[in-house]
Amino acid sequence: MASRFHKLRARQQEREPLTAHGRINLVPLVDILTSIVFFSLLTYTGAVMTNLTAFDLALPPVVVTANTNTSGAQKDTVTLILAVGIGQKGLTVAHSNGGAPPFQRNIAGLTAESLDTLEATLKNVKQQFPDADAAMVVPDDDVAYDDIVHVLERVKLANFRKLSLTSAARSMQVASATPGGR
Amino acid sequence: MASERARALREGRRRAMFQKFGLVQLNLIPLVDTFVAIVFFSLVAATVGDLAPILSGVTLPQAKVGAAAHQELTLGVSSRPAQVIFNGRPLMSVSAAASAVSNVENQPLVVPQLYSALKTAADSIRQANGVSQNESVTTPLAIQGDKTMRYDLLQRLLQSARLAGFRTITLQVQRATEQGAAPTVTM
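These protein sequence lines are chains A and B, in that order.
Residue 29 in my numbering sits at position 29 of the first sequence; the count goes up by one each step and never skips.
Residue 358 in my numbering sits at position 176 of the second sequence; the count goes up by one each step and never skips.
Next up, chain B with everything else stripped away, as it sits in the complex (with noise of 0.2 Å):
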């Protein structure tokens, strides 16, 4: 009886206590909970960040093998609309990639607007890393082709990333799984 009184006297204190300095009881589980989905979906962000979204209008070829596809540079030829695009900007349409002439002696597969925009880059890169303007760029140029383009525009992409200074080039395809293509989503 006693210890009931006790109880009830600690409890009225207690809640007097807690009107008096405006405390409220914070329930920390639902914070915990949420900071645990963050952290992991940030740590799964962080893994997936630097690799390669595929360009809009591009349908790609498919292949089991090959390596990661990392964010580069990339030079996209898209379908729907047909067009070059280079680093996430709508360069020319196809067709006029296909036909555009050469300004370039003895290099007759070049492309001049591609090749300047390409060599505006090789240059900027160059000066970035601190490296003569005479020298290779290591750094990769992606490009990701729709199926159906011909040999034909992708030598003339490749000549004229060649002679901008790009050394390494990447050909990003959709990786295949056994159970056929994987989904594609574009960005």
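Same shape as in the complex, but just chain A (with noise of 0.2 Å):
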């Protein structure tokens, strides 16, 4: 007496050459599956380091090495001197004018308000002197690094481009203890 078993192998047997040709072979993409799964977790991290960004400081050499030439060979080729203050209260922009009664212009708070009006007025800069591209900004030390990058972002935008950070002079001896800002 042949057992369950051996009967459902016998059918499989007799269905084989109907579905010889029919059958999917999975092993493949489970291959596939695991390389692009492997892979994927390995250069996610790497994706995400695509999203980071990053603004260039020059700031200036300690020591100088050669005899730099000041006498009136080289011409001062520095069209505007342009300063954005800012602080807890708000920014402040304020420029040479290139010979003219210097520019000064207060803007109230940190807001995207406040900065979008700063870019309008960086941008107004931007037209009246298209040569100048550097701009200097001065926060307080109070003022957290978030807002100071937003102003710089804003600054960026007003196609400045050469950009540097700068303080008022102090006598103080040592920073603020606390990290956070606000």
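Bear in mind the hints are in silico, worked out from the structure with no lab data behind them.
Any given hint could turn out to be false.
What the hints assert, rightly or not - DEER-style ranges, computed between Cβ atoms:
| no. | chain 1 | residue 1 | chain 2 | residue 2 | range |
| --- | --- | --- | --- | --- | --- |
| 1 | B | Asn269 | A | Phe38 | 27 to 35 Å |
| 2 | B | Ala249 | A | Pro130 | 21 to 29 Å |
| 3 | A | Asp31 | B | Val313 | 45 to 53 Å |
| 4 | A | Leu41 | B | Pro263 | 24 to 32 Å |
| 5 | A | Asp131 | B | Val221 | 23 to 31 Å |
| 6 | A | Gln88 | B | Lys246 | 20 to 28 Å |
| 7 | B | Thr320 | A | Asp131 | 22 to 30 Å |
| 8 | A | Gly109 | B | Phe217 | 32 to 40 Å |
| 9 | B | Ala278 | A | Gln128 | 40 to 48 Å |
| 10 | B | Lys246 | A | Lys162 | 17 to 25 Å |
| 11 | A | Thr79 | B | Phe222 | 48 to 56 Å |
| 12 | B | Arg192 | A | Leu8 | 31 to 39 Å |
| 13 | A | Asn159 | B | Thr359 | 19 to 27 Å |
What the hints assert, rightly or not - The calculated SDA-like cross-link candidates involving lysine to any residue, where the alpha carbons are at most 25 Å apart (straight line), are:
| no. | chain 1 | residue 1 | chain 2 | residue 2 |
| --- | --- | --- | --- | --- |
| 14 | B | Lys246 | A | Leu115 |
| 15 | B | Lys301 | A | Glu119 |
| 16 | B | Lys246 | A | Ala158 |
| 17 | B | Lys246 | A | Pro130 |
| 18 | B | Lys246 | A | Ser164 |
| 19 | A | Lys123 | B | Ala249 |
| 20 | B | Lys246 | A | Gly99 |
| 21 | A | Lys156 | B | Thr330 |
| 22 | A | Lys156 | B | Pro235 |
| 23 | B | Lys246 | A | Ala83 |
| 24 | A | Lys162 | B | Leu273 |
| 25 | B | Lys246 | A | Asp133 |
| 26 | B | Lys246 | A | Asn51 |
| 27 | A | Lys126 | A | Asn51 |
| 28 | A | Lys156 | B | Lys301 |
| 29 | B | Lys246 | A | Gly90 |
| 30 | B | Lys246 | A | Leu57 |
| 31 | A | Lys156 | B | Arg357 |
Stated by the list, open to error - Some residues of chain A that are not near chain B, with every Cβ distance over 10 Å (derived):
| no. | residue |
| --- | --- |
| 32 | Asp31 |
| 33 | Asn51 |
| 34 | Ala54 |
| 35 | Thr79 |
| 36 | Lys89 |
| 37 | Asn97 |
| 38 | Gly109 |
| 39 | Ser167 |
Even glycine gets a Cβ: it sits at the ideal position worked out from N, Cα and C.
Put the two chains together into one complex, using the hints given.
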């Protein structure tokens, strides 16, 4: 008497010629999916890295190795001295105005509207002085880094490419011990 | 009838030969598929490989503009925990950095411990590039600062870096998209 297993095997063998050409081999599919999942996990962090952006600041060198020639041979190419002040209460845009009386404008607050006004003001300055390319950002000590970056962003958007961070002259010995600015 | 017999004979001979020499049929299609996937992801990994990772514990500010951030010597200021990190190594706490007293004359903002680490790094770069010890280093120094960091601390970091010889400083921030912030993953 044939067991149930043997009957099953016999039926499978009977069906085999009919299904021989219609089988789906899942092994390659599993191989491919395994590679895709593995490499996706591996490169996921890399994809996040592309979400970083950078602001380049140029610091003056500390050590001067050669004597710089400051006599009349070199032409002064600075057309405008532009400064953007950041305080807890608001922003200040000031520039040398190319020989005319210096320009200064105060913008209240550090909100998105204030930043829009700053950008518009800087774009006006850029229109008046298209050759000007440098801007100094002068934050107060207690200003948060987040606000500084927002201002740097607007300065960049107004097409001032050379950015520098400066501060007012101080007599302080130490900075505040609290990392948070707000 | 004769052709079927001939075919059966051929198949019999082929089977016998395969058994005799232990030959197996190789299906190359999965191999090719796998290699295509590997090549694709290798190219992707090579493209993003030199981009900068985000330090752990740092919540970066967001900006829509700026250049691509490449992997550099990185100085980080994290908030969880609050510490200064240089090149992946915790250097000192934020409070220690903020309250450190300068040991350089006429430079009240210098943080001695940080200055020492930066100077060592700058010196090794100078040595590797064959540059004089008196010249500034052209290799950029990236700063990844927490968004809550105050400017007085940033100023101290910048001043320490400048005196150590770094001339180009890059502030690395998170790129903001139109929909909002990109997802943050720390390494």
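Now the hints, each set against the structure:
1. B/Asn269 <-> A/Phe38: 27 to 35 Å: 29 Å, holds
2. B/Ala249 <-> A/Pro130: 21 to 29 Å: 22 Å, holds
3. A/Asp31 <-> B/Val313: 45 to 53 Å: 51 Å, holds
4. A/Leu41 <-> B/Pro263: 24 to 32 Å: 28 Å, holds
5. A/Asp131 <-> B/Val221: 23 to 31 Å: 49 Å, violated
6. A/Gln88 <-> B/Lys246: 20 to 28 Å: This hint holds: roughly 24 Å between Cβ atoms.
7. B/Thr320 <-> A/Asp131: 22 to 30 Å: 26 Å, holds
8. A/Gly109 <-> B/Phe217: 32 to 40 Å: 58 Å, violated
9. B/Ala278 <-> A/Gln128: 40 to 48 Å: 47 Å, holds
10. B/Lys246 <-> A/Lys162: 17 to 25 Å: 19 Å, holds
11. A/Thr79 <-> B/Phe222: 48 to 56 Å: At roughly 50 Å between Cβ atoms, B/Phe222 and A/Thr79 fall inside 48 to 56 Å, so the hint holds.
12. B/Arg192 <-> A/Leu8: 31 to 39 Å: With a Cβ separation near 34 Å, B/Arg192 and A/Leu8 satisfy 31 to 39 Å, so the hint holds.
13. A/Asn159 <-> B/Thr359: 19 to 27 Å: The hint (19 to 27 Å, Cβ to Cβ) holds, given that A/Asn159 and B/Thr359 are roughly 22 Å apart.
14. B/Lys246 <-> A/Leu115: 14 Å, holds
15. B/Lys301 <-> A/Glu119: 38 Å, violated
16. B/Lys246 <-> A/Ala158: Holds: B/Lys246 and A/Ala158 sit about 13 Å apart, inside 25 Å.
17. B/Lys246 <-> A/Pro130: 23 Å, holds
18. B/Lys246 <-> A/Ser164: Given that 25 Å is the threshold and the Cα spacing comes to 19 Å, the pair holds.
19. A/Lys123 <-> B/Ala249: This hinted pair holds, its Cα atoms lying about 20 Å apart.
20. B/Lys246 <-> A/Gly99: 34 Å, violated
21. A/Lys156 <-> B/Thr330: 22 Å, holds
22. A/Lys156 <-> B/Pro235: 23 Å, holds
23. B/Lys246 <-> A/Ala83: 22 Å, holds
24. A/Lys162 <-> B/Leu273: Outside the cut-off at roughly 31 Å; violated.
25. B/Lys246 <-> A/Asp133: 20 Å, holds
26. B/Lys246 <-> A/Asn51: Judged against 25 Å, a Cα distance of about 10 Å means the pair holds.
27. A/Lys126 <-> A/Asn51: 29 Å, violated
28. A/Lys156 <-> B/Lys301: 31 Å, violated
29. B/Lys246 <-> A/Gly90: Within the cut-off at roughly 22 Å; holds.
30. B/Lys246 <-> A/Leu57: Distance of about 17 Å is within 25 Å: holds.
31. A/Lys156 <-> B/Arg357: Given that 25 Å is the threshold and the Cα spacing comes to 14 Å, the pair holds.
32. Asp31: Not fine: 5 Å to the nearest Cβ puts A/Asp31 too close to chain B.
33. Asn51: 4 Å, violated
34. Ala54: A/Ala54 is in fact no farther than 10 Å from some Cβ atom of chain B, at 4 Å.
35. Thr79: 23 Å, holds
36. Lys89: Its Cβ never comes within 10 Å of chain B, the nearest being 15 Å, so this holds.
37. Asn97: 26 Å, holds
38. Gly109: Check passes; 18 Å lies beyond 10 Å.
39. Ser167: 5 Å, violated
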